[in-house]
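Both chains are sitting in their own frames, so use the hints and assemble them into the complex.
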Amino acid sequence: MNFIFHFLFNYLMIDVVLTNSWNHIILIFILSVFIDIDHVPYLIRAGKNVLKKRFGSESRTRFHEIYGLAFFSLLLCALYFFADHAIIEISAICVVMHLAIDFLTGKSAPFHPYSKNEIFLNIFPYGYKNKIIFEISSTIILGVLFWLRISPVWL
Amino acid sequence: MRKIIDRAGSVLPLPNVNPDVLSGMSVLTSMLFLAFTGFSMFLSFVFLIATLFLDWFDGLIARKYGKSSETGYITDTASDRFSEGIIFSAFFFPWFYLFALNCLLSIISVAKKRHFILPLRQIFLVFYAFLLFF
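Residue numbers (the numbering used here), protein chains in the order written: chain A, 1 to 155; chain B, 1 to 134.
For reference, chain B alone in the conformation it holds in the complex (with noise of 0.2 Å):
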């Protein structure tokens, strides 16, 4: 599905913008979220989309303009477990007891340089969604 996605992104004409300050623009908008939480739902659902998908575009467009780097991957990581623990600090449990094991799965990840962590916010969103429609 991924692949399939990049390959429709990667003809797209995206901007050639830097990926770190994509991923930066994602604990921003997971700032947003966790202010919306309390306002209106609808509002932080929309927040919550845009951070994935800003997540998302961040390493399409590394690809497409040939950025990757370790250094682009360590940004990324980071970013994106700041963003969750943003988001799941208002949803405790368990959300955050899950967010803490990505933590350790993300040192393991760039100590063993190999990739496996959880996606969690996807899965969050889900919840999410059907929190706010059913």
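Next comes chain A alone, as it looks inside the complex (with noise of 0.2 Å):
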């Protein structure tokens, strides 16, 4: 999925879990999307052909399967003692959040390098042009419901 996606998600989930999204948004922003980075050299390798790319398990590296779920949870536990708790929670909730929406919605592997074994769900649509019309639209969805409730009305 596209990082407005996992940010818009990730900020309402967060509001109907923890309320009050709004003093930490840029804290949710950067956990939604720092996630990507992995994708980078991947990007740089496609060039052109960068938007016929469905960012499958080609695309990622360890640290968006399982083993960066494992390593993120231990790193949140570790600073749950140091940290705001409320913050930790956040955390946890934007990187395990995105890790699931891209595990639901696209190719993985997830105990690569460990194993091998590519999957797809099939809950969600894999074909270039439904998954563009599907993340396009669940993406304008996401976004209004983000507009209406940080409108004033809502507040």
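Derived from the structure by calculation, the hints contain no laboratory data. Bear in mind that the values here come from a model prediction, so they are computed numbers and not experimental data. Some hints here could point you the wrong way.
[To be verified] In the PhoX-like style, the derived pairs of lysine-lysine whose C-alpha atoms are separated by at most 25 Å in a straight line are: (1) 67/B / 113/B; (2) 107/A / 113/B; (3) 3/B / 113/B; (4) 112/B / 116/A; (5) 116/A / 113/B; (6) 107/A / 131/A; (7) 107/A / 129/A; (8) 107/A / 67/B; (9) 67/B / 116/A; (10) 131/A / 48/A; (11) 48/A / 107/A; (12) 3/B / 64/B; (13) 3/B / 67/B; (14) 48/A / 129/A; (15) 112/B / 67/B; (16) 107/A / 112/B; (17) 113/B / 64/B.
Encoded structure:
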């Protein structure tokens, strides 16, 4: 999924679970998108064909899979004793949700490099055209919900 | 106990659906559990039960229709870890610590091809039921 979707989804989820995401909006944005940094080398390699790429398991490092989930979970567990507990919980939701959404919507190799089995759950569309339609429409819906949530009428 | 439930399930007329879809659905119900924790404990409890039911059901269907495979095991184990991560991110201490341990155990299980993983969500269900009803 695109980074705007990740940010909007995490913002709304944290707003529902912990309330008042607005105070942590920058933190949520950074934590929602930083995992996608591992796509950069792949994007550089893809060059002009970047729009045709669908960011499957070949575009990710092990930090986008269960290995990354274990790594970031242990890191957050260690930081829990030193940092604000609310910030750690927000971080946990952002990281876990990002990895879970990418697992649900794209092809992944969850136990890379220990198992090279590539899986796709067949819940959401994967064909080029259908995936673009799904991604754009879901991002717009989340954008509308985000706008409604932050507009003064609801505050 | 599991063998008895599986034997009972094998005689029932179950739908021949893709077990991977059910595994993915259990991640979605975990998200619904998390979303409802702030509004209604009862509804979130229902979604927690749905998550565990789907997790049990995908294995049952895979065994009944001969769809068990290494890829299926990988899908099921990965879905379970994502589901746990989502559920325990709002109940950090001590659950998220146990979840981190379970992630490591999952990696070891796949690498060594031996399954040893803690049934955290089942234990959490009992804990959550206790919070809800007492």
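Worksheet entry | Hinted pair residue 107/A and residue 131/A, Cα distance within 25 Å | This hinted pair holds, its Cα atoms lying about 12 Å apart.
Discussion item. Can you confirm whether the C-alpha distance between residue 107/A and residue 67/B stays at or below 25 Å?
Written reply: holds (20 Å)
Item to complete: Sort out whether residue 67/B lies within 25 Å of residue 3/B, counting only the CA atoms.
Response: Measuring from Cα to Cα gives roughly 18 Å; hence the hint holds.
Discussion item. Between the alpha carbons of residue 67/B and residue 116/A, is the straight-line distance 25 Å or under?
Written reply: holds (19 Å)
Worksheet item: Given the hinted pair residue 112/B and residue 67/B, is their alpha-carbon gap at most 25 Å?
Response: holds (22 Å)
Worksheet item: Holds or violated: are the alpha carbons of residue 3/B and residue 113/B at most 25 Å from each other?
Response: holds (21 Å)
Worksheet item: Is residue 131/A close enough to residue 48/A, meaning Cα to Cα at most 25 Å?
Response: The hint holds at about 20 Å.
Worksheet item: Going straight from one Cα to the other, do residue 3/B and residue 64/B come out at no more than 25 Å?
Response: Satisfied, since the Cα-Cα distance of roughly 13 Å is no more than 25 Å.
Worksheet item: Does the structure keep residue 116/A and residue 113/B at a Cα separation of 25 Å or less?
Response: Given that 25 Å is the threshold and the Cα spacing comes to 14 Å, the pair holds.
Practice prompt. Please work out if residue 48/A and residue 129/A have their alpha carbons no farther apart than 25 Å.
Written response: Holds, at roughly 18 Å.
Worksheet entry | Agreement of residue 113/B and residue 64/B with the hint, judged by alpha carbon distance not exceeding 25 Å | Judged against 25 Å, a Cα distance of about 23 Å means the pair holds.
Item to complete: Take a quick look at whether residue 48/A and residue 107/A sit within 25 Å of each other, Cα to Cα.
Response: Distance ~22 Å between residue 48/A and residue 107/A Cα, so the pair holds.
Against the hints set out earlier in the document, no violation occurs for any number.
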